[in-house]
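Asks: Going line by line, the protein sequences match chains A and B.
All residue numbers for the first sequence refer to numbering that gives the first Met the number 0, where the first residue is 0 and numbers rise by one.
All residue numbers for the second sequence refer to numbering that gives the first Met the number 0, where the first residue is 0 and numbers rise by one.
Hints listed in this document are in silico derivations from the structure and should not be mistaken for laboratory results.
No experiment lies behind these values; they were computed from the predicted model shown.
Even glycine gets a Cβ: it sits at the ideal position worked out from N, Cα and C.
One or more hints might be untrue.
[Said to hold, decoys possible] Which chain B residues face chain A? A few, computed with CB under 8 Å, are given here: (1) P151; (2) A292; (3) Y299.
[Stated by the list, open to error] Cβ-to-Cβ under 8 Å is the rule here; a few derived chain A residues that face chain B: (4) M0; (5) I3; (6) Q149; (7) Y299; (8) T308; (9) Y309.
[Claimed, not checked] Pairwise CB distance ranges, derived in the manner of DEER restraints: (10) A:C218 / B:K9: 28 to 36 Å; (11) B:L199 / A:T135: 22 to 30 Å; (12) B:F275 / A:S28: 25 to 33 Å; (13) A:L174 / B:E37: 41 to 49 Å; (14) A:S15 / B:P208: 41 to 49 Å; (15) A:T30 / B:P208: 50 to 58 Å; (16) B:L199 / A:S28: 50 to 58 Å; (17) B:L199 / A:R216: 26 to 34 Å; (18) B:R204 / A:S126: 17 to 25 Å; (19) B:P208 / A:S126: 29 to 37 Å; (20) A:R173 / B:F275: 45 to 53 Å.
Protein chains: 2
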Amino acid sequence: MPTINDIAKKLGVSKSTVSKAFHDADDISETLRKKILETAVAMGYKKNRVRKDDPRKLCVLVQHLDWKDPAGFGHDVVLGFEQAAVLDGWEVEIPEISKEFQTQISYDAFMLSRSFQGAFALGFSLSDPWMEDFKTAGTPAVLHDNYIPQNPFVTYVGVNSEEGFDLAVSHLNRLGHTRIGYLGGDANSFIVRARFQAYLRAMERCRLPADQNLIGRSCFISECTSRHLPRLLNNGATAILCEHDQLANAVLVHCMELGVHVPKDVSIVGFDDTAFASCTTPPLTTIRQDQNALGRCGYYALTSLFHHTYISSLLLRAELIERRSTGPVQPGT
Amino acid sequence: MPTINDIAKKLGVSKSTVSKAFHDADDISETLRKKILETAVAMGYKKNRVRKDDPRKLCVLVQHLDWKDPAGFGHDVVLGFEQAAVLDGWEVEIPEISKEFQTQISYDAFMLSRSFQGAFALGFSLSDPWMEDFKTAGTPAVLHDNYIPQNPFVTYVGVNSEEGFDLAVSHLNRLGHTRIGYLGGDANSFIVRARFQAYLRAMERCRLPADQNLIGRSCFISECTSRHLPRLLNNGATAILCEHDQLANAVLVHCMELGVHVPKDVSIVGFDDTAFASCTTPPLTTIRQDQNALGRCGYYALTSLFHHTYISSLLLRAELIERRSTGPVQPGT
Numbered sequence: 000m001p002t003i004n005d006i007a008k009k010l011g012v013s014k015s016t017v018s019k020a021f022h023d024a025d026d027i028s029e030t031l032r033k034k035i036l037e038t039a040v041a042m043g044y045k046k047n048r049v050r051k052d053d054p055r056k057l058c059v060l061v062q063h064l065d066w067k068d069p070a071g072f073g074h075d076v077v078l079g080f081e082q083a084a085v086l087d088g089w090e091v092e093i094p095e096i097s098k099e100f101q102t103q104i105s106y107d108a109f110m111l112s113r114s115f116q117g118a119f120a121l122g123f124s125l126s127d128p129w130m131e132d133f134k135t136a137g138t139p140a141v142l143h144d145n146y147i148p149q150n151p152f153v154t155y156v157g158v159n160s161e162e163g164f165d166l167a168v169s170h171l172n173r174l175g176h177t178r179i180g181y182l183g184g185d186a187n188s189f190i191v192r193a194r195f196q197a198y199l200r201a202m203e204r205c206r207l208p209a210d211q212n213l214i215g216r217s218c219f220i221s222e223c224t225s226r227h228l229p230r231l232l233n234n235g236a237t238a239i240l241c242e243h244d245q246l247a248n249a250v251l252v253h254c255m256e257l258g259v260h261v262p263k264d265v266s267i268v269g270f271d272d273t274a275f276a277s278c279t280t281p282p283l284t285t286i287r288q289d290q291n292a293l294g295r296c297g298y299y300a301l302t303s304l305f306h307h308t309y310i311s312s313l314l315l316r317a318e319l320i321e322r323r324s325t326g327p328v329q330p331g332t
Numbered sequence: 000m001p002t003i004n005d006i007a008k009k010l011g012v013s014k015s016t017v018s019k020a021f022h023d024a025d026d027i028s029e030t031l032r033k034k035i036l037e038t039a040v041a042m043g044y045k046k047n048r049v050r051k052d053d054p055r056k057l058c059v060l061v062q063h064l065d066w067k068d069p070a071g072f073g074h075d076v077v078l079g080f081e082q083a084a085v086l087d088g089w090e091v092e093i094p095e096i097s098k099e100f101q102t103q104i105s106y107d108a109f110m111l112s113r114s115f116q117g118a119f120a121l122g123f124s125l126s127d128p129w130m131e132d133f134k135t136a137g138t139p140a141v142l143h144d145n146y147i148p149q150n151p152f153v154t155y156v157g158v159n160s161e162e163g164f165d166l167a168v169s170h171l172n173r174l175g176h177t178r179i180g181y182l183g184g185d186a187n188s189f190i191v192r193a194r195f196q197a198y199l200r201a202m203e204r205c206r207l208p209a210d211q212n213l214i215g216r217s218c219f220i221s222e223c224t225s226r227h228l229p230r231l232l233n234n235g236a237t238a239i240l241c242e243h244d245q246l247a248n249a250v251l252v253h254c255m256e257l258g259v260h261v262p263k264d265v266s267i268v269g270f271d272d273t274a275f276a277s278c279t280t281p282p283l284t285t286i287r288q289d290q291n292a293l294g295r296c297g298y299y300a301l302t303s304l305f306h307h308t309y310i311s312s313l314l315l316r317a318e319l320i321e322r323r324s325t326g327p328v329q330p331g332t
């Protein structure tokens with residue numbers, strides 16, 4: 000591994016300048032700091048020998064999720080991670096990182112600059128610049144709901160979507176439903192694709208046709224409810240699986256506006272079991288992700304990477320929570 | 000949850016008789032003991048309130064694997080599990096369990112009778128009677144290389160086969176190989192099927208045809224080498240992926256007997272990186288499973304089940320170990 004001296008030589012700067020870049024000092028320019036950090040990363044430099052009084056620091060990187068809202072998805076995942084990490088004596092920071100920020104500095108260089116030893120990343124879409132960085136990153140990262148093939152320093156943690164949709168489709172099938180539709184996003188996101196594929200496979204396993212006329216996909220919830228929902232209902236869907244609870248709730252509201260009764264006319268199933276799922280009208284049948292456990296497992300997977308145990312994926316069981324938005328299919332439909 | 004009293008009432012025996020069955024006492028008949036245990040399990044009884052002086056006991060259940068041989072697959076998996084468990088103050092036992100034994104008592108009743116709180120099971124094939132029990136078991140179990148859908152008390156731990164075969168097929172493809180064959184078992188086993196499927200998908204991802212003329216499958220290594228190997232070679236295979244190292248080694252030996260040079264005439268890849276893989280002639284290129292890490296992760300997954308963190312699957316990264324049994328495809332082949 001290169002030393003600070005090697006990096007200084009390569010760039011024609013002093014050792015103390017390199018050291019300043021690593022410790023986020025004020026008296027070097029931002030441009031030089033970044034150049035030093037990116038060069039260090041490119042040369043394979045790692046801060047192995049942490050000074051005794053250096054804090055042991057991890058970070059949680061959150062994109063596209065309102066993790067600060069206790070009712071939103073992400074809050075309890077972050078909490079579970081923090082609780083486990085703090086118990087083991089780690090400091091946990093949750094730095095602001097925008098898409099633009101990610102274009103300015105690479106993931107590895109950012110981690111080096113802030114002395115973070117590992118990251119737990121939530122909510123990243125495939126268009127986030129650091130998703131490209133994770134393919135070759137050398138600083139351990141655990142990604143919630145994102146999978147990077149073949150880089151041993153990056154782990155995928157999530158819930159078993161296939162199992163979740165199997166449970167939901169079997170539940171609806173037992174209630175007599177065969178025309179089971181799907182509403183979801185079409186964003187450039189690993190988990191959006193994974194859930195849609197899980198729906199298709201669950202239908203196949205139950206020997207039910209996944210009819211294009213019963214499938215609606217759009218990035219915009221409003222388009223799902225105003226355009227796709229009426230189409231699915233007209234095409235005879237007696238049950239609809241929604242990619243996430245927020246969408247399912249919007250569907251419930253829109254059904255009420257259309258005078259369509261849930262579950263008499265159509266059964267609705269969500270995904271996540273977010274805090275509001277029991278408070279919708281009617282209360283939502285949904286597939287539960289144990290959010291706190293996801294955070295705890297994220298922490299375990301991250302520390303495993305520190306100890307050379309390279310976990311590729313860790314998936315939690317999904318659980319079907321039966322509430323009142325699903326019911327038996329009506330005779331004659 | 001039913002009490003000892005409830006069980007005694009149901010069977011018309013005394014409480015002390017039930018207690019004797021639970022503590023493996025000598026002075027009740029084997030038939031009555033089994034009846035009591037199976038009834039207790041059927042009624043949903045669990046030994047929750049362990050007495051203070053009761054040892055905390057886990058077991059490792061091994062089938063079809065010579066785990067006692069340090070060179071065999073399984074030895075280091077068991078060791079990794081034991082090391083992690085003992086550090087946490089558990090006693091670990093490795094009871095003898097034959098197929099016949101499994102027909103005599105259910106998994107849950109066995110665990111209850113021996114006061115084991117959880118099991119780590121290795122090497123089970125789909126024809127092992129307890130594989131059926133695991134579908135509904137209430138006593139936590141972690142299965143190496145076996146997946147049970149939808150029972151939250153059972154976790155699958157293994158290595159990511161898909162990733163392993165991706166690495167191997169890409170490696171061979173970079174060496175110019177396109178006619179890449181497969182030799183493996185056709186046993187009634189989850190992992191035998193999973194590895195074959197992983198081969199097919201890896202070929203698909205590399206846009207290479209998985210030609211039936213280049214595939215040989217049999218339970219018997221001798222049939223793979225004497226019948227399938229010559230057929231694959233005649234059909235123009237320039238590289239062969241083997242389901243496990245033992246088979247790969249037999250293939251190497253047989254190639255030598257046939258006057259076929261490895262890797263000049265054919266490249267051979269194994270799976271597992273068992274202890275002898277570096278000592279074959281030539282040393283074997285293979286896909287590594289970190290056995291000790293599998294054991295450690297097995298322990299983590301098992302204790303997670305005790306704490307209501309229901310892990311569905313935990314897969315380790317596979318790693319390609321390049322040795323001398325693979326080389327560039329020869330011009331003109």
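Asks: Mind listing which of the numbered hints don't hold for this structure, in increasing order?
Replies: Of the numbered hints given earlier, those the structure breaks are 4, 5, 10, 12, 13, 14, listed in rising order.
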